[in-house]
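Asker: Start from the sequences and build out the full structure, keeping to the hints where you can.
Number of protein chains: 2
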Amino acid sequence: MTSSDNTERLVHVPLGERAYDILIGPGLIGRAGGEISTRIKGRKAAIVTDEHVGALYLDPLMDSLQTDGIEAVSISLPPGEKTKSFDSLTKVCDVLLEARIERNDTVIALGGGVIGDLTGFAAGIVRRGVRFVQIPTSLLSQVDSSVGGKTGINTRHGKNLVGIFNQPDLVLADTDVLNTLSEREFRAGYAEVAKYGLIDKPDFFEWLENNWKEVFSGGAARIEAIATSCQAKADVVVADERENGRRALLNLGHTFGHALEAATEYDSRRLVHGEGVSIGMVLAHQFSARLNLASPDDAARVEAHLKAVGLPTRIDEIPGELPSTEFLMDAIAQDKKVKGGKLTFILTRGIGQSFVADDVPASEVISFLEEKRKK
Amino acid sequence: MTSSDNTERLVHVPLGERAYDILIGPGLIGRAGGEISTRIKGRKAAIVTDEHVGALYLDPLMDSLQTDGIEAVSISLPPGEKTKSFDSLTKVCDVLLEARIERNDTVIALGGGVIGDLTGFAAGIVRRGVRFVQIPTSLLSQVDSSVGGKTGINTRHGKNLVGIFNQPDLVLADTDVLNTLSEREFRAGYAEVAKYGLIDKPDFFEWLENNWKEVFSGGAARIEAIATSCQAKADVVVADERENGRRALLNLGHTFGHALEAATEYDSRRLVHGEGVSIGMVLAHQFSARLNLASPDDAARVEAHLKAVGLPTRIDEIPGELPSTEFLMDAIAQDKKVKGGKLTFILTRGIGQSFVADDVPASEVISFLEEKRKK
Ligand SMILES: NC(=O)c1ccc[n+]([C@@H]2O[C@H](COP(=O)([O-])OP(=O)(O)OC[C@H]3O[C@@H](n4cnc5c(N)ncnc54)[C@H](O)[C@@H]3O)[C@@H](O)[C@H]2O)c1
Ligand SMILES: NC(=O)c1ccc[n+]([C@@H]2O[C@H](COP(=O)([O-])OP(=O)(O)OC[C@H]3O[C@@H](n4cnc5c(N)ncnc54)[C@H](O)[C@@H]3O)[C@@H](O)[C@H]2O)c1
Ligand SMILES: [Zn+2]
Ligand SMILES: [Zn+2]
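In the order they appear, the protein sequences are chains L and Y.
One point on numbering: in the UniProt record's numbering, the residue at position 212 of the first sequence is 212, and numbering is uninterrupted.
One point on numbering: in the UniProt record's numbering, the residue at position 360 of the second sequence is 360, and numbering is uninterrupted.
Please note that the accuracy of each hint is not assured.
Since copy identity is lost for identical chains, a pair holds within one copy or between any two.
[To be verified] Below, in silico cross-link-like pairs of lysine-lysine (DSSO-like), each with a Cα-Cα straight-line distance of 30 Å or less:
id, residue 1, residue 2
1, K41, K91
2, K342, K41
3, K307, K213
4, K159, K91
5, K159, K82
6, K342, K44
7, K41, K159
8, K342, K374
9, K342, K159
10, K213, K82
11, K374, K44
12, K82, K342
13, K159, K372
14, K342, K201
If you're looking for bench data, these hints aren't it; they were derived computationally from the structure.
Answerer: In structure tokens, the structure reads:
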């Protein structure tokens with residue numbers, strides 16, 4: 001893994017008639033009009049964004065579209081997870097229909113994963129599907145949510161419970177915009193970058209250990225890290241578009257992570273998703289070591305790296321009251337199907353050697369969590 | 001086309017991994033549990049119905065499911081087109097999630113096209129898609145809306161503007177339940193049956209001319225007519241699942257029909273969909289004759305048959321004020337794309353010889369409508 005020069009990268013996602021390109025590099029928002037108009041016939045677009053991102057990048061995007069003869073309307077929603085709701089979905093569909101967006105016109109998601117998930121869903125159901133372009137602006141959305149076609153909203157029953165698979169027609173990951181992202185959000189997204197190394201790319205993990213500072217500061221290493229992550233996710237998605245098997249590996253660190261998010265009531269002041277994943281990945285490695293599947297040295301190495309970049313790695317780093325083991329186990333059982341006291345978990349045999357285990361005894365998880373809460 | 005004995009028919013829709021069976025015959029609701037449990041793994045179901053249909057058929061369906069070990073919940077919505085809304089969609093999704101319907105569990109639409117369209121949409125988005133069974137109870141839904149996978153809801157911008165393609169896993173068309181359908185609704189559905197003959201099955205149209213009374217009274221001829229219609233629609237859908245070309249033929253009579261529905265403000269006391277289609281098909285044949293594409297005798301034969309079964313065939317049969325030509329033209333232009341004064345229309349060269357014409361001069365349509373309004 002060597003960093004190349006500071007130019008653009010292209011990851012192609014070969015999904016037959018749903019194939020698409022992901023462009024990764026600086027200044028892509030300024031070129032969006034050109035990239036879209038060479039790929040999509042319609043001359044109308046509707047941009048969906050949130051108020052943070054819109055204030056910074058809506059005007060440049062509008063200008064770029066106009067330059068290439070694309071007439072655009074926009075809607076700006078409140079930032080935050082609450083925006084992934086039926087209410088927002090209804091509102092966005094209404095705006096798209098009011099703007100008379102037709103099958104060959106484009107709906108653009110300009111924002112983080114919240115905007116991408118909501119907008120991809122709306123674009124897939126208005127007129128039973130119009131063209132859809134992702135312009136992800138958070139690190140998490142560039143390396144994870146904008147690739148793979150999962151879209152959706154939350155309901156009172158839980159996160160992402162209503163939605164569709166809707167692959168975009170194009171993804172433009174403008175690496176410049178990450179400069180305005182908060183340090184904390186950048187770090188949270190970085191947890192997902194590291195995840196790809198831990199799943200099955202030990203060389204990439206090692207490269208990150210050596211180059212993470214440049215990934216944070218921008219430039220070629222950042223582009224390289226994002227492109228490698230997109231390629232990794234694309235590979236998994238192509239192998240298993242509808243999530244029946246291998247795609248489950250993407251949940252490394254997420255079973256524990258989701259339980260911690262639930263325990264902190266999705267209060268982003270206490271824990272954001274990537275932080276939960278960071279702690280969750282460390283726990284998954286420690287738990288694998290405890291089951292004698294992997295060496296404890298690997299768990300220590302994972303913890304050391306995530307700690308170095310400033311991510312939390314232990315449950316007791318979460319501000320506020322420590323969640324009870326019982327609560328965590330309930331959340332884990334909600335998340336995963338429990339069959340005769342056995343759980344499905346992503347475990348590992350070492351760095352870059354994770355696998356799906358579907359026979360993990362609940363009792364082992366309980367004693368592991370008890371132990372972790374003690375120290 | 002000969003009528004067979006009074007037993008069940010099966011139409012297979014060969015859509016690759018989305019393939020499914022349509023069973024057509026008497027008593028299918030009583031056997032629903034068995035038919036579902038041999039095809040679908042999950043042991044949970046949720047039934048969506050409307051208050052008319054639910055009062056008649058919910059209990060027998062629940063009993064049948066229970067007998068085969070399927071545990072079911074149900075939701076009953078107000079009958080009528082207004083139920084195809086974002087509000088109902090939100091409500092149905094909530095019920096499905098509350099009942100913990102999972103990917104291999106079943107959502108059942110028990111009702112006419114309104115319930116089928118709404119429920120198919122909900123089943124396709126809850127958990128990004130769970131299993132879906134159509135039990136269509138109106139003639140229209142048995143021969144048209146339950147086949148082909150179009151699902152959706154209406155918005156203030158128009159009908160069916162938000163939705164997805166979602167093929168069912170099974171369709172059970174119980175021909176007995178049509179006995180409780182109002183005569184008017186049965187006739188309206190019959191317009192769509194006749195449509196399949198007029199599109200490309202002249203023998204079927206002739207068979208209907210000779211056998212329509214038995215189709216109305218039930219028994220073997222009814223099953224035969226429904227099976228032939230389902231097969232006809234399935235053939236078109238298989239050739240063009242996503243509606244890019246040939247599927248447009250299914251809109252025979254619908255351009256004029258939709259304009260008439262809009263002119264009567266979708267007031268079902270004045271006009272229901274099938275009645276608009278009946279008048280629209282006669283107009284399409286007369287218009288084709290006027291353009292010297294078809295013989296006026298064919299138009300007369302179509303009119304005579306639809307009149308014989310009791311369907312309206314002329315604009316002036318619609319109760320209330322006659323819509324203006326201008327209003328109708330506006331509605332037609334809304335419905336179809338107008339390119340340089342040219343419209344796309346389904347025209348015909350005679351009975352069973354319809355085709356897509358994409359260069360119909362708007363001026364010709366205007367003078368035709370003017371003429372039709374005069375007599
Ligand atoms: N679809 C998928 O496969 C998938 C995968 C992972 C996560 N997700 C979803 O993604 C969501 C989280 O995404 P996220 O972390 O991007 O959250 P987000 O969209 O809420 O963005 C985080 C915050 O950063 C701000 N922001 C984004 N880009 C910015 C920029 N360039 N400059 C300044 N501020 C910026 C946003 O306004 C927001 O306040 C969750 O809803 C999660 O469920 C989806
Ligand atoms: N998805 C498609 O491809 C497609 C195709 C054509 C029409 N549609 C849609 O279908 C809808 C119209 O369908 P519809 O005509 O079935 O209307 P509907 O569902 O409103 O049913 C008509 C009436 O008949 C009642 N009813 C139904 N079955 C009955 C029975 N067995 N006994 C007594 N009463 C019964 C209903 O309660 C309702 O009052 C429209 O919304 C239209 O857009 C969809
Ligand atoms: Zn994640
Ligand atoms: Zn119709």
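Asker: If the cut is 30 Å between Cα atoms, do K41 and K91 qualify within a copy, between copies, both or neither?
Answerer: within (25 Å within a copy, 37 Å between copies)
Asker: Given a CA cutoff of 30 Å, do K82 and K342 count as a within-copy pair, a between-copy pair, both, or neither?
Answerer: Neither, since 33 Å and 46 Å both go past 30 Å.
Asker: Could you figure out if K342 and K201 sit no more than 30 Å apart (CA to CA) within one copy, between two copies, both or neither?
Answerer: within (28 Å within a copy, 58 Å between copies)
Asker: Since the copies are identical, ignore which copy is meant and state whether K159 and K82 lie within 30 Å (CA to CA) inside a copy, between copies, both or neither.
Answerer: Close inside one copy (10 Å) and across copies (29 Å); limit 30 Å.
Asker: Taking 30 Å as the upper bound on the Cα-Cα distance, should K213 and K82 be classified as within, between, both, or neither?
Answerer: neither (33 Å within a copy, 57 Å between copies)
Asker: Within, between, both or neither: how does the pair K342, K41 come out at a Cα-Cα threshold of 30 Å?
Answerer: between (51 Å within a copy, 21 Å between copies)
Asker: Within, between, both or neither: how does the pair K374, K44 come out at a Cα-Cα threshold of 30 Å?
Answerer: Answer is neither: 58 Å inside a copy and 41 Å across each miss the 30 Å cutoff.
Asker: When no copy is named, should K41 and K159 be tagged within, between, both, or neither for a Cα gap of at most 30 Å?
Answerer: Close across copies (25 Å), not inside one copy (35 Å); limit 30 Å.
Asker: Indicate which option fits the pair K159, K372 if close means a Cα-Cα distance not exceeding 30 Å: within, between, both or neither.
Answerer: Only inside one copy: K159 and K372 sit 26 Å apart there, 56 Å across copies, limit 30 Å.
Asker: Between K342 and K374, at a C-alpha cutoff of 30 Å, which is it: within one copy, between copies, both, or neither?
Answerer: Classified as within; 24 Å inside a copy, 77 Å across copies.
Asker: Within a copy, between copies, both or neither: which one fits K342 and K44 at a CA-CA cutoff of 30 Å?
Answerer: The answer is between: 22 Å across copies meets 30 Å, while 52 Å in one copy does not.
Asker: State whether the alpha carbon distance between K342 and K159 is at most 30 Å within one copy, between copies, both, or neither.
Answerer: The answer is within: 24 Å in one copy meets 30 Å, while 48 Å across copies does not.
Of the numbered hints given earlier, the model fails hints 10, 11, 12; all others are met.
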